[in-house]
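The listed protein sequences correspond, in order, to chains A and B. According to numbering that gives the first Met the number 0, the first sequence is numbered sequentially starting from 0. According to numbering that gives the first Met the number 0, the second sequence is numbered sequentially starting from 0.
Since the hints were derived computationally from the structure, they do not count as laboratory data. Heads up, some of the hints might be wrong.
Said to hold, decoys possible - Computed footprint of chain B on chain A, listed as stretches where at least three residues anywhere in the stretch have a Cβ under 8 Å from a Cβ of chain B:
1) 30-36
2) 78-90
3) 103-113
The C-beta atom is built at its ideal place from N, Cα and C for all residues, glycine as well.
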Amino acid sequence: MRKYLTKKAIIYLITFFFAVTIDWVIPRFMPGNPIHFLISRFATLPEAVKVIQSYFTQAFGLDKPLHEQYLNFWRALFRGDLGISIYLYPQPVAKVIARSLPYTLIVLLPAVLLSFAVGNRLGAFVAKKRKLDNFALPIFYTLTAAPYFWFGILLAWLLGVVFRLFPIAGAYSFAMTPSFSWRFIVNFLYHWVLPFSSLFLVMLGGWAIGMRNMIIYELEANYSRYLESLGASQSLIRRYAYRNAILPQVTGLAIQLGTVVAGSLTTEIVFSYPGIGYILMQGILNQDYFLIQGCFLFIILGVLIANFLIDIFYVIIDPRIRKSYTGEV
Amino acid sequence: MKKFLVAFVVLFFVAALMGQVFERSKTLYVGGGLWAPPSNWNPFTPWNAVTGTIGLVYETLFLYDPLNDKFEPWLAESGSWIKPNVFQLKLRKGLRWQDGRPLTIDDVIFTFEIAKKYTSISYSPIWNWLEKIEKIDDNTLNFVFSDPRYQEWSQQLISIAIVPKHIWEKKTEDEILQGANEKPVGSGPYYVESWTGDRNVYRKNPDWWGIKALGLDPKPERVVILRVLSNNVAVGMLMKGELDWSNFFLPGVPVLKKGYGLHTWYENPPYMLPANTAGIYINVNKYPLSIPEFRRAMAFAINTQKIVERVFENMVTVSNPAGILPLPGFMKYYPKEVVDKFGFRYDPETAKKILDELGFKDVDGDGFREDPKGNKFKLTIECPYGWTDWMVSIQSIAEDLRAVGINVEARFPDYSKYADNLYGGKFDMILNNFQTGVSSTIWSYFNGVFYPDAVEAEYAYAGNFGRYNNPEVRALMDELNRSRDDEKIRQAVAKLTEILLKDLPFIPLWYNGAWFQASEQVWTNWPSEKNPYTWPIAWGGHWQLGGVKVLFNIKAK
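Work the whole structure out from these sequences, hints included.
Below you can see the structure in the form of structure tokens.
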């Protein structure tokens with residue numbers, strides 16, 4: 000068990016190092032200079048502009064050679080300092096992210112967990128009903144094949160513009176300030192429905208298809224046949240099939256996480272939902288090195304940690320792996 | 000367990016009742032001046048601060064009314080030049096900060112002197128030409144100048160926000176410049192009540208000094224500055240009455256006005272007041288754009304009227320050849336004789352004639368002219384991607400130029416690349432209006448066109464992006480800045496205009512509008528041509544031009 004965890008931990012650390020380095024490099028390949036943004040927002044007197052330019056170039060450390068900027072970046076990172084946003088000057092990046100993170104999580108987490116739970120059940124259920132299967136499978140395929148942002152636009156257009164059932168932008172109405180009140184919570188949920196559904200439905204399709212195929216495969220497997228010949232009940236056989244079939248699904252979840260997070264980012268942009276994805280987009284448009292770095296860092300951390308948790312979870316639900324590492328097999 | 004549950008439910012309901020929604024009839028929703036989530040209320044970094052930080056929370060000594068070309072004392076009671084190098088300022092009595100402390104002459108002195116101590120404060124270069132500040136009595140100051148730059152000073156008087164000494168004197172230079180100042184204490188009619196990612200809520204300051212001293216009553220209890228991300232959403236919100244005061248560029252105002260009774264400044268085209276001059280800067284160091292006559296030919300080839308009609312649906316007007324804004328403060332210096340003599344107009348035949356005379360002829364018959372030596376050349380014109388009205392405009396310009404045989408292609412780089420090209424002078428031709436806006440002095444317009452220091456700078460932000468170099472211009476600009484006699488200013492403007500029209504480093508095209516649309520569903524008595532009580536714009540830097548006075552004059556329905 001310890002061997003397994005150490006090995007995984009080392010791999011994750013190396014991945015982290017490279018991911019963060021790339022994260023630092025990429026914004027700096029963009030043409031232009033973030034100081035331009037700071038200045039171009041406001042026409043002011045020429046002498047003032049000179050003062051502003053030289054002060055902020057120094058304050059952001061952009062006058063230093065690149066390797067020094069890179070080292071400073073790691074140094075600051077170990078102190079937990081992500082720098083100051085240029086776009087949202089002078090807010091610290093960590094604070095900006097802390098404000099956006101809840102919005103991302105509140106859409107992403109329920110969508111991932113619910114779609115996984117519901118999708119697997121649905122897939123297993125469909126697998127044993129031929130007629131339903133014929134009807135449901137094309138729907139699942141359509142859902143899973145749809146890009147998140149495209150499906151988001153489709154929902155926004157259909158439910159927001161054509162039927163006017165749901166608002167299409169923002170996390171709550173303009174006439175409200177966030178507060179712990181019924182009106183606010185209802186309003187918030189009302190705005191939450193579309194971004195959530197667009198993630199939930201697309202993911203749901205994938206899980207349902209995966210589960211359906213796995214169940215059909217497991218039901219044909221030797222152990223199922225053997226159980227059947229022993230006279231075991233159908234529901235018992237299905238229970239065993241489900242336990243076996245869920246394993247690749249969990250692996251799938253680990254692999255999918257990156258895409259899911261990317262999907263949630265684009266969904267936020269579609270619905271102007273003020274989460275990490277949305278703020279990242281603004282950072283890119285405004286060439287805010289520090290904000291882009293910070294957002295990606297969070298995404299990298301999130302995906303790595305989630306993967307790590309799934310690795311551990313996998314050990315728990317699959318006795319074979321656990322035992323192979325503890326040397327019992 | 001049951002008891003807890005009951006207690007919890009009761010608590011939940013009580014909390015729920017306390018949640019507030021702004022009373023619509025006392026709330027003004029404003030859009031068009033906030034493009035990023037609110038993050039900064041620092042009067043020392045106004046280019047990043049939420050619009051209204053200076054104007055609603057912090058105040059300036061004077062306001063300037065561009066509709067009547069008049070400086071209005073605001074925190075100041077009066078101000079005048081008592082000697083050629085001494086500006087005497089009298090401060091109002093009974094001014095008060097929002098924390099209850101009095102605003103005194105010492106706060107004014109502090110505001111200026113802090114910039115002497117900390118040279119990274121944006122207005123600190125003032126001290127290169129301001130010698131000292133003398134306190135005469137508790138309400139009077141003398142600003143003694145070593146080199147009085149009258150025009151620049153007048154602009155500073157409406158730009159520098161007076162800050163409370165007792166709060167800012169304890170801060171270091173970095174704290175001043177890098178602070179978000181989330182709880183700003185100003186002297187103005189509104190203070191910051193709350194903010195989230197897409198809005199900033201200002202609340203009325205019931206103890207504002209102006210209520211008594213000026214008899215002005217801020218009508219809305221709350222002013223909510225909204226960050227609306229697209230024009231379509233803004234249109235929808237205006238129609239539904241969710242947005243009262245809009246300063247967005249909204250396409251299709253003629254249609255919207257008919258269908259929904261939107262309020263605009265003029266009832267008929269162009270509907271909007273002019274706010275700045277849009278034109279193309281030309282890279283004067285690149286052949287063949289380096290030939291003044293070649294640039295002149297281009298000026299004759301561009302059909303701006305076509306752009307005004309097709310792209311802007313007549314919501315803007317064609318600029319005069321000098322690009323001088325048609326506002327009284329600028330037009331009083333308009334050198335008509337010079338413009339008549341050296342100006343240009345749309346006339347492709349003249350353009351062709353000039354090019355022929357220069358020896359630019361289509362030798363190989365491909366429809367484009369080659370240079371006198373027979374070499375082919377190709378030029379580009381650019382604007383940021385996504386600025387749809389400008390994108391169509393430069394396509395139209397490129398088309399016009401190709402029609403007279405100049406091979407020009409329109410390019411649309413991302414904004415970051417565009418900004419880098421613009422400030423770095425890395426372009427052939429570029430459409431821009433950043434530095435040619437309304438201000439209290441015509442000096443600022445010519446600075447936007449000619450800014451002499453741009454020539455040597457790697458990045459120049461204040462104008463003259465095409466790096467036009469002419470020592471005579473520098474002398475004239477300095478003279479203009481140091482003049483306050485109308486006749487002298489007129490002469491300098493006439494000379495500068497002559498140089499502009501002869502050399503054309505910048506071709507003025509049209510006046511971009513002071514975009515203003517208002518909904519009359521909740522608030523009425525908006526300013527207009529017939530009721531021109533103030534400049535109707537809520538962008539950063541425009542509250543001091545009169546934007547703040549909208550709040551005293553609108554009426555709840």
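Taking the hints in turn, this is what the structure says about them:
Check result for the segment 30-36 of chain A against chain B: holds, 5 residues qualifying (beta carbon to beta carbon below 8 Å, three or more required). Only when three residues or more bring their CB closer than 8 Å to a CB of chain B does the claim for the segment 78-90 of chain A stand; here the count is 7, and the claim holds. With 0 residues carrying a beta carbon less than 8 Å from a beta carbon of chain B, the segment 103-113 of chain A misses the three-residue requirement, and the given coverage is violated.
The structure fails hint 3 only (numbered hints given earlier).
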